[in-house]
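Residue numbers (the working numbering), protein chains in the order written: chain A, -10 to 176; chain B, 9 to 259.
It is worth saying that the hints were derived from the structure and are not from the lab. We put the beta carbon where it would ideally sit given N, CA and C, even for glycine. Just so you know, not all the hints are guaranteed correct.
Incomplete in silico selection of chain B near chain A, CB under 10 Å [claimed, not checked]:
| no. | residue |
| --- | --- |
| 1 | R156 |
| 2 | A189 |
| 3 | H231 |
From chain A, some residues computed to sit far from chain B (all C-beta separations above 12 Å) [stated by the list, open to error]:
| no. | residue |
| --- | --- |
| 4 | G23 |
| 5 | T28 |
| 6 | S30 |
| 7 | P51 |
| 8 | A56 |
| 9 | L67 |
| 10 | Q86 |
| 11 | I107 |
| 12 | E129 |
| 13 | E130 |
| 14 | A134 |
| 15 | T153 |
| 16 | P154 |
| 17 | D162 |
So, partial list: chain B residues that the calculated Cβ filter (under 7 Å) puts toward chain A [unchecked claim]:
| no. | residue |
| --- | --- |
| 18 | Y42 |
| 19 | R51 |
| 20 | T63 |
| 21 | D90 |
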Amino acid sequence: MIFQTTPSQTVGPYFAIGLPWAEGPHAVEPGMPGAITITGSVYDGAGAPIPDHLIETWQADPDGRYADVHGYGGASRLEGFRGFARYGVEVGDGDYQIVTVKPGRVAEPGGRLQAPHIAVTLMARGMLNRVVTRIYFGDEEEANAEDPILALVPAERRGTLIATPEDGGYRFDIRLQGPGETVFFDV
Amino acid sequence: MSTEEKTEPIYAPVVDTPTNYVREPAGAHPPLDYPPYKSTALRHPTQPLVYLPQTITEVTGPALGETLAIAPGDADLTRQHDGEPIGERITVSGRLFDTEGKPLRDTLVEVWQANACGRYRHRWDNWPAPLDPNFSGAGRCLTDDEGRYQFTTIKPGPYPWGNHYNAWRPAHIHFSLMGRAFTQRLVTQMYFPGDPFFAYDPIFNSVRDDAARERMVSRFSIHGTQPDWAAAYEFDIYLRGPAATPFEEAH
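Construct all of the structure, not just a fragment, from the sequences and the given hints.
The structure is reproduced here in structure tokens:
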């Protein structure tokens, strides 16, 4: 490293004039076979839903391939798959909603298979830097049990990373602080 | 004819995805818990972060150029309406690098900002300064082969906020950088040199290291300034680069 990174600053309360776009919440074309919706709320340390947050997700397709800048690891062949979603809440109850497909399993650098997962960036007013977490799936018990990243998380906190199956998809709430605080990662 | 020939870029851009990105030193970014900025109190994790060895998910990232159908006009915030916005017309340009000094090409740069009076076109911003019917305050572009970006805009004004008595934000432009990998994602703010509000702003001062804070301040460029048209500010941005190749440890 020759240079130092530019420091982070908060996304602030007014990002909605610049960052969200109409199809932003769609990591796949809605209506694609296998499309699911992931919904959730983000709560602050007082248990109140945060009404002004920005969520971004990044993931592999069902074959474990990415719609990546370089096609690293073999580019996704799934038509209409972007793998990236951005949802900016600016009013209301703080619910976010993204449309995607469940990702496949990809290996970690040591070769062990990871469980299906989605990487998440969360930003908001009052947050001077992003936080990073992962969404795992509640109906993938076997894969989750052998996931090398989940294994690094204290057992009693793993549940905070598991999305609950519900009609049409999954629910994944994020708690920034306090009881049931979501696990955040240092990447 | 020869003037039409495309010259080779002077700097070799990043073309390969590294297998892993450098870990940043403590203090590279502001703390999530920073009491002078009051809204951090209930919005920071209290449990330690869990160290995540980077996997393919973290070292890849989306290509959004096509998805967003970015047009050259998206980078000119003064041409989005019938009339011209009020204020000091400026260009803001610079280059996006990784920490190895390699330019990051084809990556999304998004900006949003207040108008010349310090008012955002957002339903929650209701401080008594006028909106400008000719200014929306958002733009985007992709970096070129040398990592360059350029926006034409209006210099934003400072504005008051509710953090403490007589709190004002220094004039700033919000920058969002996708980089080329999930690990490189960065949102920051670009400031203007010599702003008198710097000393009193907890967001600017949440970056505790003097040199790091300076990296968020643009520089005025008389050379980039276009005569009879627009004053130029330059702002280079650095995102995390590849981690050094690990050496086999001698035993």
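Over 12 Å to the closest beta carbon of chain B is the bar; see if P154 (chain A) clears it. Check passes; 22 Å lies beyond 12 Å.
Once the closest CB in chain B is found, is it more than 12 Å from A56 (chain A)? violated (6 Å)
Non-interface claim for L67 (chain A), where every Cβ of chain B lies beyond 12 Å: Holds: least Cβ distance 14 Å, greater than 12 Å.
A closest beta-carbon separation below 7 Å is what the hint needs, so does D90 (chain B) meet it against chain A? Violated, because the Cβ-Cβ distance from D90 (chain B) to chain A comes to roughly 19 Å (cut-off 7 Å).
Status of the R51 (chain B) interface restraint (C-beta, 7 Å, chain A): holds (4 Å)
Quick check on A189 (chain B) please, does its C-beta sit within 10 Å of some C-beta on chain A? holds (8 Å)
Please settle this one: T153 (chain A) was flagged as non-interface, so is its CB more than 12 Å from every CB on chain B? holds (21 Å)
Grab the minimum beta-carbon distance between D162 (chain A) and chain B and tell me whether it stays above 12 Å. Holds, since 15 Å exceeds 12 Å.
Chain A contact restraint on Y42 (chain B) - CB to CB distance below 7 Å: holds (6 Å)
Confirm or reject: P51 (chain A) is not an interface residue toward chain B, with every Cβ-Cβ distance exceeding 12 Å. holds (14 Å)
For T28 (chain A), which was marked as not at the interface, is the minimum beta-carbon distance to chain B over 12 Å? holds (21 Å)
For Q86 (chain A), is the shortest CB-to-CB distance to chain B above 12 Å, so the non-interface label stands? holds (18 Å)
Hints 1, 3, 8, 11 and 21, counting from the list given before, are not met by this structure.
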